[in-house]
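S.K.: As they're listed, the protein sequences go chains A and B. Anchor point for the first sequence: position 58 equals 58 in this note's numbering, and the numbering is continuous, going up by one each time. Anchor point for the second sequence: position 102 equals 102 in this note's numbering, and the numbering is continuous, going up by one each time.
Hints in this document: simulated from the structure, not taken from any laboratory. From a predicted model like this one, the values you see are computed outputs, not experimental measurements. Every residue gets a Cβ at the ideal spot worked out from N, C-alpha and C, and that includes glycine. Any given hint could be a false lead.
[Claimed, not checked] In silico lysine-lysine, DSBU-like type, Cα no more than 35 Å apart, as pairs:
| # | chain 1 | residue 1 | chain 2 | residue 2 |
| --- | --- | --- | --- | --- |
| 1 | A | 70 | A | 55 |
| 2 | A | 102 | A | 55 |
| 3 | A | 112 | A | 70 |
| 4 | B | 65 | A | 78 |
| 5 | B | 65 | A | 102 |
| 6 | A | 55 | A | 112 |
| 7 | B | 7 | A | 73 |
| 8 | A | 78 | A | 55 |
| 9 | A | 78 | A | 112 |
[What the hints assert, rightly or not] Rough simulated footprint, nothing fancy, chain B against chain A, three-plus residues with beta-carbon under 8 Å:
| # | region |
| --- | --- |
| 10 | 11–23 |
| 11 | 35–46 |
| 12 | 103–113 |
The lines below spell out each chain.
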Amino acid sequence: AQTVTQSQPEMSVQEAETVTLSCTYDTSESDYYLFWYKQPPSRQMILVIRQEAYKQQNATENRFSVNFQKAAKSFSLKISDSQLGDAAMYFCAYRPPPGTYKYIFGTGTRLKVLA
Amino acid sequence: SAVISQKPSRDICQRGTSLTIQCQVDSQVTMMFWYRQQPGQSLTLIATANQGSEATYESGFVIDKFPISRPNLTFSTLTVSNMSPEDSSIYLCSVELTGGPTDTQYFGPGTRLTVL
Numbered sequence: 001a002q003t004v005t006q007s008q009p010e011m012s013v014q015e016a017e018t019v020t021l022s023c024t025y026d027t028s029e030s031d032y033y034l035f036w037y038k039q040p041p042s043r044q045m046i047l048v049i050r051q052e053a054y055k056q057q058n059a060t061e062n063r064f065s066v067n068f069q070k071a072a073k074s075f076s077l078k079i080s081d082s083q084l085g086d087a088a089m090y091f092c093a094y095r096p097p098p099g100t101y102k103y104i105f106g107t108g109t110r111l112k113v114l115a
Numbered sequence: 001s002a003v004i005s006q007k008p009s010r011d012i013c014q015r016g017t018s019l020t021i022q023c024q025v026d027s028q029v030t031m032m033f034w035y036r037q038q039p040g041q042s043l044t045l046i047a048t049a050n051q052g053s054e055a056t057y058e059s060g061f062v063i064d065k066f067p068i069s070r071p072n073l074t075f076s077t078l079t080v081s082n083m084s085p086e087d088s089s090i091y092l093c094s095v096e097l098t099g100g101p102t103d104t105q106y107f108g109p110g111t112r113l114t115v116l
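Next up, chain A with everything else stripped away, as it sits in the complex (with noise of 0.2 Å):
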C-alpha cells in the first residue's frame, strides 16, 4: 500500500531564510502525482506546488521548490525567504495513477517563521 511520511512534527525558521520540509513516500507505481499542500491557521488547504512523477525537472512556484528524487522516493519541499504569511501546516500528499483517485496524505509538518 502507498504511504508517505513526514519525519518532521515542527520546524522553525527565521524570517528570510530557507526551510527544508522532508517528505518520503513508498509506492510501486512509476506515474503518480506529488502535491503540497499548506493549511494555515484559518484552516483553507491551499496548493503550494505539484509534481510529475514522469518529469526530471523539479517544480518550482516562486519562492517555492521541490527536490524530487523519483528513486529515493524522496519529494521534500524548500522555502526560500521565508515570510511571516508562510507560518503553517505543511501536508505532503501523494496521487496514485489516472484511473484511481485516492489521495494519500502524510501527518503534516508544522512551520514555525521567527520575526
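Starting from the known structure of chain A, arrange chain B on it as the hints suggest.
M.R.: Chain B alone, transformed into the frame defined by chain A:
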C-alpha cells in the same frame, strides 16, 4: 483552480442531533470528496461523491452515519448523524480538477464542528 464554499463555517451541536454541511463549487466537477480532520491530525477520507451515483465510503465510515447527497455537478452535502463528542472535527470538501497537465485536488475552507 476552483472556488469552493462550505456552509456552515462552524457549528456547536448537541449530542444526538444531526448537522448537514453544504459544499458549493463554482464549476462543474465529476469528483467531490469529503474529509475529516481531527484536531492536530492529517486528513482522513470519508467518502467520494460522484454525481448520479451512490457515494463510495472508506473503511470505518458508513452511510447511516455520514449520508451524502450529490444532486448535481456543483453541489454536495454531508450529514453527520446522531452526533457524539467524537465527531468533533473539521470537515472538508474537495474537488478534483481534471483535463489539465495534472489532476489536482482543491479544498473548501472547512466546517469546524464541536459536539457537546
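S.K.: Are the hints correct? Go through all of them and say.
M.R.: Hint by hint, here is what the structure shows:
1. A hinted pair counts as satisfied when its Cα atoms are at most 35 Å apart, and residue 70(A) with residue 55(A) qualifies at roughly 10 Å.
2. Restraint check for residue 102(A) and residue 55(A): satisfied, since their Cα atoms lie roughly 21 Å apart, inside the 35 Å limit.
3. Under the criterion of a C-alpha separation no larger than 35 Å, the hint pairing residue 112(A) with residue 70(A) is consistent with the structure, at around 28 Å.
4. This hinted pair does not check out: residue 65(B) and residue 78(A) have alpha carbons roughly 41 Å apart, beyond 35 Å.
5. A distance of roughly 21 Å separates the Cα atoms of residue 65(B) and residue 102(A); the hinted pair therefore holds under the 35 Å criterion.
6. About 31 Å separates the Cα atoms of residue 55(A) and residue 112(A), which keeps this hinted pair within 35 Å; it holds.
7. Proposed proximity of residue 7(B) and residue 73(A) is contradicted: the alpha carbons are some 38 Å apart, above 35 Å.
8. A hinted pair counts as satisfied when its Cα atoms are at most 35 Å apart, and residue 78(A) with residue 55(A) qualifies at roughly 18 Å.
9. Among the hinted pairs, residue 78(A) with residue 112(A) is consistent with the structure: their alpha-carbon atoms are about 14 Å apart, no more than 35 Å.
10. Taking a C-beta to C-beta cut-off of 8 Å, the region 11–23 of chain A contributes 0 residues in contact with chain B, too few for the three needed, and the coverage statement is violated.
11. A count of 7 residues in the region 35–46 of chain A with a Cβ less than 8 Å from any Cβ of chain B is obtained; the coverage claim is therefore met, three being the minimum.
12. Only when three residues or more bring their CB closer than 8 Å to a CB of chain B does the claim for the region 103–113 of chain A stand; here the count is 5, and the claim holds.
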